[in-house]
Amino acid sequence: MKSQAIQIKEKGTLDNLELVTLEVPTLESHDILVKVKAAGVNPVDFKGVLNGIFKMPYTVGSDIAGIVEQVGAEVKNFEVGQEVIGSLEWAKQGAYAEYVVTEERYLARKPDNLSFTEAAAVPLVALTAWQALFDHLNIQAGEKVLIQAAAGGVGTMAVQLAKWKGAYVVALASPKNASFLTELGADEVVDYKRDDLTETIQDVDAAFDSMATSAQLFKMLKKGGRYVSITAKPSQELAESYGVSATNFLFHSDAAQLSQLVALIEEGKIKVFLDKTFPLAEAKAALEYQKQGHSRGKNVLLVD
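Residue numbering for the sequence shown follows this note's numbering, beginning at 1 and increasing consecutively.
Hints were generated in silico from the structure; no laboratory data involved. Backbone N, C-alpha and C fix where the C-beta goes; we use that ideal spot for every residue, glycine too. Warning: the hint list may mix true and false statements.
The following label-pair restraints were derived from C-beta to C-beta distances [what the hints assert, rightly or not]:
1. E199 with K55: 45 to 51 Å
2. P175 with L238: 48 to 54 Å
3. H252 with A232: 14 to 20 Å
4. S174 with D135: 26 to 32 Å
5. N77 with D203: 29 to 35 Å
BS3-like, lysine-lysine: derived pairs with alpha carbons at most 27 Å apart [unchecked claim]:
6. K269 with K165
7. K223 with K233
8. K163 with K35
9. K233 with K271
10. K165 with K222
11. K276 with K163
12. K55 with K76
13. K163 with K223
14. K55 with K193
15. K11 with K176
16. K222 with K35
17. K193 with K276
18. K269 with K176
19. K163 with K55
20. K284 with K269
21. K165 with K219
22. K165 with K223
23. K55 with K219
24. K276 with K222
25. K76 with K2
26. K47 with K76
27. K233 with K276
28. K284 with K37
29. K2 with K55
30. K76 with K176
31. K55 with K9
32. K35 with K284
33. K233 with K219
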């Protein structure tokens, strides 16, 4: 079986992306073959191309929504014809492809109330927000939670999850996104470009940073406050000087957490917002758009 895919064979520029035809690997006993209907576009996708994070050549992308085509002999939780979503193991099998081979631990059933396009926008950003807020910041109801880049893919998920938990949410974003974020549940929306930002926002219990702005956000935290980043490792010395705890982390795929998120989506507690869609063959344009950093919601590749 053949599969068209977007591959990168040499790091450096998005011009190195190629639409290639690959042979679909033979399934092992624990493997699942998924026919991809849509693939989510994430910042790590273009960073992998530009910085050569993964071993070359590799197929770009991690987020999929599709239909189970085949299952290995020892697969227990999925069957042929089932609609699924997942975030694949990085560098092993990329998502920008017509078919992917993966394992049960990376998949969950697709939310019944989402299209494949919407569903492909969920895994990485929703899991990142979940892990930041609940695994690392351990936010509690009533706490004041600050979310940086709140209108982006991760940010929109974080705002909704923090409100679901019962937090008071302060969203940093551009003014044009204020009404959008208020509708999502943000209690305050503050222009991230304000000169007096650190005076405007005070006594924050927990801050979620996706823009490497720890030196600024530390000033907004109360003593004993918590900070987590999904980018640069924060300075422990600086954190201690403000009396706060700080860490960073790299998201990991987790089928159990993803299944909890699917349930919240089906209950209407979390909504998915799309910015733009692109056909698979236009992956370069999708990544160039993503790289600009001004998306409101998620960008998705339409594979089938």
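Against the structure, the hints:
1. E199 with K55: 45 to 51 Å: holds, 47 Å
2. P175 with L238: 48 to 54 Å: This hint is violated: roughly 29 Å between Cβ atoms.
3. H252 with A232: 14 to 20 Å: holds, 19 Å
4. S174 with D135: 26 to 32 Å: holds, 29 Å
5. N77 with D203: 29 to 35 Å: Once the Cβ atoms are compared, 45 Å apart, the range 29 to 35 Å for D203 and N77 is violated.
6. K269 with K165: This hinted pair holds, its Cα atoms lying about 11 Å apart.
7. K223 with K233: holds, 20 Å
8. K163 with K35: violated, 35 Å
9. K233 with K271: violated, 30 Å
10. K165 with K222: With a Cα-Cα distance of about 20 Å, the restraint between K165 and K222 holds, given a limit of 27 Å.
11. K276 with K163: holds, 26 Å
12. K55 with K76: violated, 31 Å
13. K163 with K223: Cα-Cα ~23 Å, so holds.
14. K55 with K193: With Cα atoms ~38 Å apart, K55 and K193 exceed 27 Å; violated.
15. K11 with K176: violated, 35 Å
16. K222 with K35: violated, 48 Å
17. K193 with K276: At roughly 25 Å apart (the allowed maximum being 27 Å), K276 and K193 satisfy the hint.
18. K269 with K176: At roughly 24 Å apart (the allowed maximum being 27 Å), K176 and K269 satisfy the hint.
19. K163 with K55: violated, 39 Å
20. K284 with K269: Given that 27 Å is the threshold and the Cα spacing comes to 33 Å, the pair is violated.
21. K165 with K219: It holds: about 24 Å lies between the C-alpha atoms, which stays within 27 Å.
22. K165 with K223: holds, 22 Å
23. K55 with K219: With Cα atoms ~39 Å apart, K55 and K219 exceed 27 Å; violated.
24. K276 with K222: violated, 38 Å
25. K76 with K2: The given pair, whose Cα atoms are some 26 Å apart, holds under the 27 Å limit.
26. K47 with K76: violated, 35 Å
27. K233 with K276: This hinted pair is violated, its Cα atoms lying about 31 Å apart.
28. K284 with K37: holds, 18 Å
29. K2 with K55: holds, 22 Å
30. K76 with K176: violated, 47 Å
31. K55 with K9: holds, 9 Å
32. K35 with K284: Judged against 27 Å, a Cα distance of about 22 Å means the pair holds.
33. K233 with K219: holds, 17 Å
Checked against the numbered hints given earlier, this structure breaks hints 2, 5, 8, 9, 12, 14, 15, 16, 19, 20, 23, 24, 26, 27, 30; the rest are met.
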